[in-house]
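Engineer: Just so you know, the protein sequences line up as chains A and U, in that order. Residue 1 is where the first sequence starts when you use our numbering, and the numbers rise one by one after that. Residue 1 is where the second sequence starts when you use our numbering, and the numbers rise one by one after that.
Quick caveat, the hints were computed from the structure, so don't treat them as lab data. Don't be surprised by glycine CBs; every beta carbon is placed ideally from N, CA and C. Keep in mind that the hints are not guaranteed to be accurate.
Unchecked claim - Partner residues are not named here, just some residues of chain U that face chain A (Cβ under 10 Å, in silico):
#1 Ala112
#2 Thr119
#3 Gln120
#4 Ala122
#5 Arg202
#6 Trp204
As the list claims (entries may be wrong) - With a Cα cut of at most 25 Å, we get these calculated BS3-like pairs of lysine-lysine:
#7 A:Lys64 with A:Lys36
#8 A:Lys130 with A:Lys156
#9 A:Lys14 with U:Lys198
#10 A:Lys225 with A:Lys156
#11 A:Lys117 with A:Lys46
#12 A:Lys394 with U:Lys198
Now for the letters of each chain:
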Amino acid sequence: MTMRPDPTFHASPKLAMEAPPENFAYTLLLSPDFSKPDALAVIDAKPGSPTYSQIVHTVTMPNKGDEFHHFGWNACSSALSPLAGHAFIERRYLIIPGLRSSRIYIIDTKPDPTQAKIHKVIEPEEVFKKTGYSRPHTIHCGPDGIYVSTLGGGGKDGTSGPPGVFIMDCETFEVLGRWEIDRGPQTLHYDFWWNLPRDYMVTSEWGLPPQFENGIVPEDLLSNKYGHRLHFWDLRARRNVQTIDLGANHQMALEVRPAHDPVREYGFAGVVVDTTNLEGSIWTWWREGGKFHAEKTATIPPEPAPKEKLPPLLQGFGAVPPLVTDIDLSMDDRFLYVSCWGTGEMRQYDVSDPRKPKLAGSVYTGGIVRRAPHPSGKAYAGGPQMVEISRDGKRVYWTNSLYSTWDDQFYPDGVPGVEVMANVGRSGGLELASDYFVSFPEGYRAHQVRLEGGDCSTDSFCYPSA
Amino acid sequence: MLSVGLDWGEASRTLGWLWLALLASGIYHGINPGMGWPLAVSAGLMERSPRALLGALGALSAGHLLATFLVLLPFALLLALAEWQRPIQLGASLLVIGFGAYRLIDRRHPRALARIPPTQLALWSFAVAIAHGAALMLVPIYLGLCQAADLDAAHQAAGALVTANLAMAVLVSLVHVLAMVAAGGCLGWLVYRYLGLKFVSRSWFNLDAVWAASLVLVGAAALAFNLASWR
Chain A
1 MTMRPDPTFH
11 ASPKLAMEAP
21 PENFAYTLLL
31 SPDFSKPDAL
41 AVIDAKPGSP
51 TYSQIVHTVT
61 MPNKGDEFHH
71 FGWNACSSAL
81 SPLAGHAFIE
91 RRYLIIPGLR
101 SSRIYIIDTK
111 PDPTQAKIHK
121 VIEPEEVFKK
131 TGYSRPHTIH
141 CGPDGIYVST
151 LGGGGKDGTS
161 GPPGVFIMDC
171 ETFEVLGRWE
181 IDRGPQTLHY
191 DFWWNLPRDY
201 MVTSEWGLPP
211 QFENGIVPED
221 LLSNKYGHRL
231 HFWDLRARRN
241 VQTIDLGANH
251 QMALEVRPAH
261 DPVREYGFAG
271 VVVDTTNLEG
281 SIWTWWREGG
291 KFHAEKTATI
301 PPEPAPKEKL
311 PPLLQGFGAV
321 PPLVTDIDLS
331 MDDRFLYVSC
341 WGTGEMRQYD
351 VSDPRKPKLA
361 GSVYTGGIVR
371 RAPHPSGKAY
381 AGGPQMVEIS
391 RDGKRVYWTN
401 SLYSTWDDQF
411 YPDGVPGVEV
421 MANVGRSGGL
431 ELASDYFVSF
441 PEGYRAHQVR
451 LEGGDCSTDS
461 FCYPSA
Chain U
1 MLSVGLDWGE
11 ASRTLGWLWL
21 ALLASGIYHG
31 INPGMGWPLA
41 VSAGLMERSP
51 RALLGALGAL
61 SAGHLLATFL
71 VLLPFALLLA
81 LAEWQRPIQL
91 GASLLVIGFG
101 AYRLIDRRHP
111 RALARIPPTQ
121 LALWSFAVAI
131 AHGAALMLVP
141 IYLGLCQAAD
151 LDAAHQAAGA
161 LVTANLAMAV
171 LVSLVHVLAM
181 VAAGGCLGWL
191 VYRYLGLKFV
201 SRSWFNLDAV
211 WAASLVLVGA
221 AALAFNLASW
231 R
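Given these sequences and hints, build the entire structure.
Structural biologist: See the structure below:
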């Protein structure tokens, strides 16, 4: 309990943008063959520092096979919620779920990120027992606790009962229980986020554990059995109020990115692949007249490629799908970054007019066929994947791995973990920083990045910028 | 009734202090962000209209008013049992002290308050005032005012006494909430119009301990006063 709100809590997105830039980037490392314990890497992101773009600390977990994927903070700017009326917690603990093991690690980043250590471990049995869910995934810090989305329901393979969201206490880290009271037609889960003062949540769909744990299931994909719907919820009533089907061919609606400014009642979602033409797509959703709407507002075409250059999975198609596996929205809600993990492209869209995204910038790193090298001259396997934007919107960080078994199918030559960064031009445009290239220890892949003091996919706000 | 024989000057001085204490409690609750002025700022900014700020203040006041009145109500009715005045006053003081002590020891914040929909500000304000003991803080002041006002009407019929006590409860609640909404409203308006949102996080101090101590203090002061006046 503190006497003042944490200085990294900001009332509005605008104030968050004006805060000092990040000095550290936290990145999750996973051992794809489960031969080593997963880890959290702390990277020096302070320009001019002698250890810039190097790992300055590693927290190695005591177990193997956790499969780290996404993670988040115990508290963020949402703690300034006037409804909570109590902003006296610290942005201090990183909550790291093991997607495969359902174990959750709480990492203490104080007194200094370079001394980060394990604070608590929540064993999978506690998650199963108290929630009936498994495979915890996305973490969001809410004003009343930590929200965790899960990809699996009960039972060994996570298919007995639907997956959903559960809540943890943000100080004791006790698992409190399920969030949903009425889930409506929702049976699949992936990402979620919200608009706190407007009181709604949006969730998306990937697939059930048997559809991803041992790799992508091509028959399921071609028969459109992965998720393709968005669910809209009354946040405080914990009720599903509307479900929008994007169309069964729009397979895997993954990341949900609402506008940060709570006055704006819209957001975006990325769809990995359209099974009719291999396109990736960006969808804009919005609320108008008390109803939610969604429409496809940008598409990214596949790139034809000779069969011999393609992994077996794609040889029948003669093309590389862009595979939109992550999107992220800048704090000022102006630029949407889109990872095309298949074609190796990081796209920047100007979404000032949210229903008319305009391509504003693009750089290439890796790609199934393109294999674009990094300007430092170092090899970059895989494609742009988990993307994170600095609060001030000037730097965009990304890593290259999607998910252990899927990496092996799309990039059979391997995906050694790397993290890169691109600088954003004043009025858009992207340029890779040749001096920021983090390579990780042998045998590790890298997934989500979190920035010291908050980032564009962590903090949510209760006051508008204007 | 007052065996120590306060003269009229002393009695009216006591009365004056009690009214001042009531006003002070209103201002204190008003400027405490935990009682809701940031919600009014948020509402004003979200709707881009000062009218929304005022509307939010209205809802917050209504909730606080209801909570205050409902907490005072049982005491207003109990006071009709004139011969039980002393145990009621002592009990009320101990209750306030006890609640303050409990808040001092158990510092967990009721986070469930954040689960009340932002469209139900009156309900939120009501729940907050009850959960934090804001309304309870007024009980000793209220009892003191009833007692002081009662000086010239020591032997009224029970029915008239209840009516008088209820009227006093309404008055106390109204004065407290007016002071609160004036203080919180001024602060909210200043932040909305001039100071900017940075003030929200900058001005926010953890008042948990101070708040709990205030409860203990108010209860203890009432206890001491009661004991002294009945000696």
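Engineer: Run every hint past the structure and note whether it holds.
Structural biologist: How the hints compare with the structure:
no.: 1; hint: Ala112; in the structure: holds (7 Å)
no.: 2; hint: Thr119; in the structure: holds (7 Å)
no.: 3; hint: Gln120; in the structure: holds (9 Å)
no.: 4; hint: Ala122; in the structure: violated (13 Å)
no.: 5; hint: Arg202; in the structure: holds (8 Å)
no.: 6; hint: Trp204; in the structure: holds (5 Å)
no.: 7; hint: A:Lys64 with A:Lys36; in the structure: holds (6 Å)
no.: 8; hint: A:Lys130 with A:Lys156; in the structure: holds (16 Å)
no.: 9; hint: A:Lys14 with U:Lys198; in the structure: holds (10 Å)
no.: 10; hint: A:Lys225 with A:Lys156; in the structure: holds (21 Å)
no.: 11; hint: A:Lys117 with A:Lys46; in the structure: holds (21 Å)
no.: 12; hint: A:Lys394 with U:Lys198; in the structure: holds (22 Å)
Violated hints amount to a single one, hint 4; each of the other numbered hints is respected by the structure.
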